[in-house]
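Engineer: Each chain is listed here by its residues.
2 protein chains.
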Amino acid sequence: MLHPENDSQYAGLTVNAGVEGQPIVNPYFRPAMRKPRENADYYIAGILRGDKPILAKAVTLVESNLVSDQQIAQKVIEGCLPYSGKSIRVGVTGVPGAGKSTFIEALGNDLCKKGRKLAVLAIDPSSERSRGSILGDKTRMQELSANKDAFIRPSPSAGSLGGVARKTRETIVLCEAAGYDTILVETVGVGQSETAAHSMVDFFLLLQVTGTGDELQGIKRGIMEMADGIAINKCDGNNVEKASVAKTQFQNALALFPPTESGWKPYVTTCSAVENTGIEETWKMVEDYIAFAKQNHFFDINRTRQSKYWMHETITQYLLDSFYHNPVLTDEIEKAEQRILDNKESSFIAAHKLIQLYADNQHK
Amino acid sequence: MLHPENDSQYAGLTVNAGVEGQPIVNPYFRPAMRKPRENADYYIAGILRGDKPILAKAVTLVESNLVSDQQIAQKVIEGCLPYSGKSIRVGVTGVPGAGKSTFIEALGNDLCKKGRKLAVLAIDPSSERSRGSILGDKTRMQELSANKDAFIRPSPSAGSLGGVARKTRETIVLCEAAGYDTILVETVGVGQSETAAHSMVDFFLLLQVTGTGDELQGIKRGIMEMADGIAINKCDGNNVEKASVAKTQFQNALALFPPTESGWKPYVTTCSAVENTGIEETWKMVEDYIAFAKQNHFFDINRTRQSKYWMHETITQYLLDSFYHNPVLTDEIEKAEQRILDNKESSFIAAHKLIQLYADNQHK
Numbered sequence: 001m002l003h004p005e006n007d008s009q010y011a012g013l014t015v016n017a018g019v020e021g022q023p024i025v026n027p028y029f030r031p032a033m034r035k036p037r038e039n040a041d042y043y044i045a046g047i048l049r050g051d052k053p054i055l056a057k058a059v060t061l062v063e064s065n066l067v068s069d070q071q072i073a074q075k076v077i078e079g080c081l082p083y084s085g086k087s088i089r090v091g092v093t094g095v096p097g098a099g100k101s102t103f104i105e106a107l108g109n110d111l112c113k114k115g116r117k118l119a120v121l122a123i124d125p126s127s128e129r130s131r132g133s134i135l136g137d138k139t140r141m142q143e144l145s146a147n148k149d150a151f152i153r154p155s156p157s158a159g160s161l162g163g164v165a166r167k168t169r170e171t172i173v174l175c176e177a178a179g180y181d182t183i184l185v186e187t188v189g190v191g192q193s194e195t196a197a198h199s200m201v202d203f204f205l206l207l208q209v210t211g212t213g214d215e216l217q218g219i220k221r222g223i224m225e226m227a228d229g230i231a232i233n234k235c236d237g238n239n240v241e242k243a244s245v246a247k248t249q250f251q252n253a254l255a256l257f258p259p260t261e262s263g264w265k266p267y268v269t270t271c272s273a274v275e276n277t278g279i280e281e282t283w284k285m286v287e288d289y290i291a292f293a294k295q296n297h298f299f300d301i302n303r304t305r306q307s308k309y310w311m312h313e314t315i316t317q318y319l320l321d322s323f324y325h326n327p328v329l330t331d332e333i334e335k336a337e338q339r340i341l342d343n344k345e346s347s348f349i350a351a352h353k354l355i356q357l358y359a360d361n362q363h364k
Numbered sequence: 001m002l003h004p005e006n007d008s009q010y011a012g013l014t015v016n017a018g019v020e021g022q023p024i025v026n027p028y029f030r031p032a033m034r035k036p037r038e039n040a041d042y043y044i045a046g047i048l049r050g051d052k053p054i055l056a057k058a059v060t061l062v063e064s065n066l067v068s069d070q071q072i073a074q075k076v077i078e079g080c081l082p083y084s085g086k087s088i089r090v091g092v093t094g095v096p097g098a099g100k101s102t103f104i105e106a107l108g109n110d111l112c113k114k115g116r117k118l119a120v121l122a123i124d125p126s127s128e129r130s131r132g133s134i135l136g137d138k139t140r141m142q143e144l145s146a147n148k149d150a151f152i153r154p155s156p157s158a159g160s161l162g163g164v165a166r167k168t169r170e171t172i173v174l175c176e177a178a179g180y181d182t183i184l185v186e187t188v189g190v191g192q193s194e195t196a197a198h199s200m201v202d203f204f205l206l207l208q209v210t211g212t213g214d215e216l217q218g219i220k221r222g223i224m225e226m227a228d229g230i231a232i233n234k235c236d237g238n239n240v241e242k243a244s245v246a247k248t249q250f251q252n253a254l255a256l257f258p259p260t261e262s263g264w265k266p267y268v269t270t271c272s273a274v275e276n277t278g279i280e281e282t283w284k285m286v287e288d289y290i291a292f293a294k295q296n297h298f299f300d301i302n303r304t305r306q307s308k309y310w311m312h313e314t315i316t317q318y319l320l321d322s323f324y325h326n327p328v329l330t331d332e333i334e335k336a337e338q339r340i341l342d343n344k345e346s347s348f349i350a351a352h353k354l355i356q357l358y359a360d361n362q363h364k
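Chains as they are written, first to last, in the numbering used here: chain A, 1 to 364; chain B, 1 to 364.
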């Protein structure tokens, strides 16, 4: 039987369903057409007074691929921009099974109790909301998603990494303007989403679990050296001793890494999201880092660099899209790859032929 | 006093000076104009019969930015392509001070004695040959550079990383066609050259030295996780014990890393290039890896992927160059960055404005 929560058209909204509107009673119901959008000022005003349902709708606009939606979305972002930038942005990564959702739930409830306002976003280009992607399953963060001071939003739906990440980056602006002072960006630790997340956060936390090494299977190489800190989760029950050994091991490994650009020395905490231990210590690491990085000005340097990065990244994505989505080229690119595989043509000559074809078709 | 070896115009050739021709007697001599080039067939035939001076001249064509030179160079590469691909390609990285040159000298002499033919190339976009860049100082590899079975070539001179790396990648094709069955690609461990080298080699070796961690200062984070193996150099004299401790430490750190895509477990050797110990063991690691990767087919999968990568990388570089070198945009890009810094415009809107300007000027 069809059910709204298994339907990708709705699933994106169900995480904030409590504030989004009435549940849909008839599971067979499909809206015949999109509701007309409000104008940009409506969203900006709503966001600035912290109206969560309006924020959610504005994020939907940001995520939309419709040109008309994007036009409003860009105005909304522009209007929110002067009010953004004042949050702490933290990336949280770890493979499925590292307990990211329970960790974020525990951390989030903790932060809200302390008076912080928390937005939890995600980057997972492989996600299809209907299939229980990260943050897509609201049962995982039941308490937090009902918290008035928390805004939880699953990853923008499947698309190119560049597109998905850009939307998350833009959503940060809206959340900050709506008064969220803490932004968590979750990724699954298995691909390039981490690089994207890393370039929009102040602190990058790697969630690990103990074990024989099998748990590391999923995580991509290079991510460990990206981390500003590691938290070993599931340090509970029979796992406590193993977790403490792992902490020492990771701490030793980190000591062999070259220093971070900020001058910060990443370290390792242990925690248990289910027993709610070590969560505060882990957050203290984030706060210590922020204080450290603000003092030596790396915080601002990094943010400035990130802003420039996103401009250049957007340009690069546009240039690549206009090349690779050029209908004249699609078949030719495949043929070129085949000639390379057959050792009939060098990678460079194949590239130049495609570039020539592209240039010829642009001027027509 | 001027001297050819301190002159960037000649220094690029001095490494192979022994085979390149007569030494220049008059240090004030400057050629008034370039010698006319031969046609592509001349170079191809010379390369295929292993003529080192002709190979060196062909590499000069590959490195040249003159359109007329590039036209010949691309034909030469195309002609050599069917005879390429049969070597072992190894990347060697490590910060200045890790002893890369002495290591390569020791390893290279060893390999040549065993009947291998060795080409040593480099990627260092920051290099200016006149200022003693990697491989630029022939005194460092005196014995090897005089060896008839070795071909040593410094990094193509300063330019964009993409351009420098592409030239090195193309030079590999020529060297392989000339019968060199072992290619070493040296980088300095401090930048993106490692990513470029990594995408053109079969095995990536990180050369480390022992110490308090200060030695790691220069190496960029992320490179350690790229390595298929680590060799701790300068394991001699008072350093032997420290090197053996470091070996264990790095071995433990590697064990915490997620497995490599090939399934290979990187490990650590110790060696002394000056005492010529451990060099064979280090090379055995490379050979073991090659056997392992060929058996599970990762070797071929990786090479295929690398070839495709270079096609797409060349396309990307072209697209970026045509954007960023567009004279209409240069000033505007700077202004856009400033608006972003002043928080007056989002990265995305700034990007879109530049893209619009670019599109308008393309169609004119």
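Among these hints, one or two may not hold up.
Identical copies go unnamed one by one, so any copy, or any two together, can satisfy a pair.
What the hints assert, rightly or not - Under the rule of at most 25 Å between Cα atoms (straight-line distance), these lysine to any residue pairs were calculated in the SDA-like manner:
hint : residue 1 : residue 2
1    : Lys247    : Arg221
2    : Lys113    : Asp69
3    : Lys57     : Gly191
4    : Lys344    : Gly46
5    : Lys284    : Thr260
6    : Lys75     : Ser322
7    : Lys353    : Ser64
8    : Lys247    : Leu81
9    : Lys335    : Gln317
10   : Lys247    : Asp288
11   : Lys220    : Arg116
12   : Lys86     : Val245
13   : Lys57     : Phe298
14   : Lys114    : Tyr324
15   : Lys335    : Gln71
16   : Lys113    : Asn326
17   : Lys294    : Pro258
18   : Lys114    : Thr60
19   : Lys353    : Trp264
20   : Lys308    : Asp331
21   : Lys86     : Glu280
22   : Lys294    : Thr60
23   : Lys148    : Gly115
24   : Lys353    : Asn238
25   : Lys113    : Arg305
26   : Lys344    : Met226
27   : Lys344    : Ile72
The set of hints was computed from the structure by calculation and includes no laboratory data. On a predicted model such as this, the values are computed, not experimentally measured, just so you know.
Engineer: When Cα atoms must be at most 25 Å apart, do Lys344 and Ile72 count as within-copy, between-copy, both, or neither?
Structural biologist: between (49 Å within a copy, 18 Å between copies)
Engineer: 25 Å Cα cut-off: does Lys113 pair with Asn326 within a copy, between copies, both or neither?
Structural biologist: So Lys113 and Asn326 fail the 25 Å test inside a copy (52 Å) and across (53 Å) alike.
Engineer: How would you classify Lys335 and Gln71 at a CA-CA limit of 25 Å: within, between, both, or neither?
Structural biologist: between (37 Å within a copy, 23 Å between copies)
Engineer: Are the CA atoms of Lys114 and Tyr324 at most 25 Å apart within a copy, between copies, both, or neither?
Structural biologist: neither (48 Å within a copy, 47 Å between copies)
Engineer: From the Cα coordinates, with 25 Å as the cut-off, is the pair Lys344 and Gly46 best called within, between, both, or neither?
Structural biologist: Answer is between; shortest inter-copy Cα gap is 21 Å, intra-copy 60 Å.
Engineer: Since the copies are identical, ignore which copy is meant and state whether Lys57 and Phe298 lie within 25 Å (CA to CA) inside a copy, between copies, both or neither.
Structural biologist: neither (34 Å within a copy, 47 Å between copies)
Engineer: From the Cα coordinates, with 25 Å as the cut-off, is the pair Lys86 and Glu280 best called within, between, both, or neither?
Structural biologist: Answer is within; shortest intra-copy Cα gap is 22 Å, inter-copy 56 Å.
Engineer: Measure nothing new, just compare the shortest in-copy and cross-copy C-alpha distances for Lys294 and Pro258 to 25 Å and report within, between, both or neither.
Structural biologist: within (21 Å within a copy, 32 Å between copies)
Engineer: Check Lys335 against Gln317 for me: Cα-Cα at most 25 Å, and say if that holds within a copy, between copies, both or neither.
Structural biologist: both (23 Å within a copy, 21 Å between copies)
Engineer: Up to 25 Å between alpha-carbons, please classify Lys148 paired with Gly115: within, between, both or neither.
Structural biologist: within (11 Å within a copy, 73 Å between copies)
Engineer: Pop the pair Lys247 and Leu81 into one bin, within, between, both or neither, using alpha-carbon distances up to 25 Å.
Structural biologist: Answer is neither; intra-copy 40 Å and inter-copy 50 Å both fail.
Engineer: When no copy is specified for Lys344 and Met226, does a C-alpha distance of 25 Å or less occur within a copy, between copies, both, or neither?
Structural biologist: Close neither inside one copy (39 Å) nor across copies (30 Å); limit 25 Å.
Taken one by one, the earlier hints fail for this structure at numbers 2, 3, 8, 11, 12, 13, 14, 16, 18, 19, 22, 24, 25, 26, listed in ascending order.
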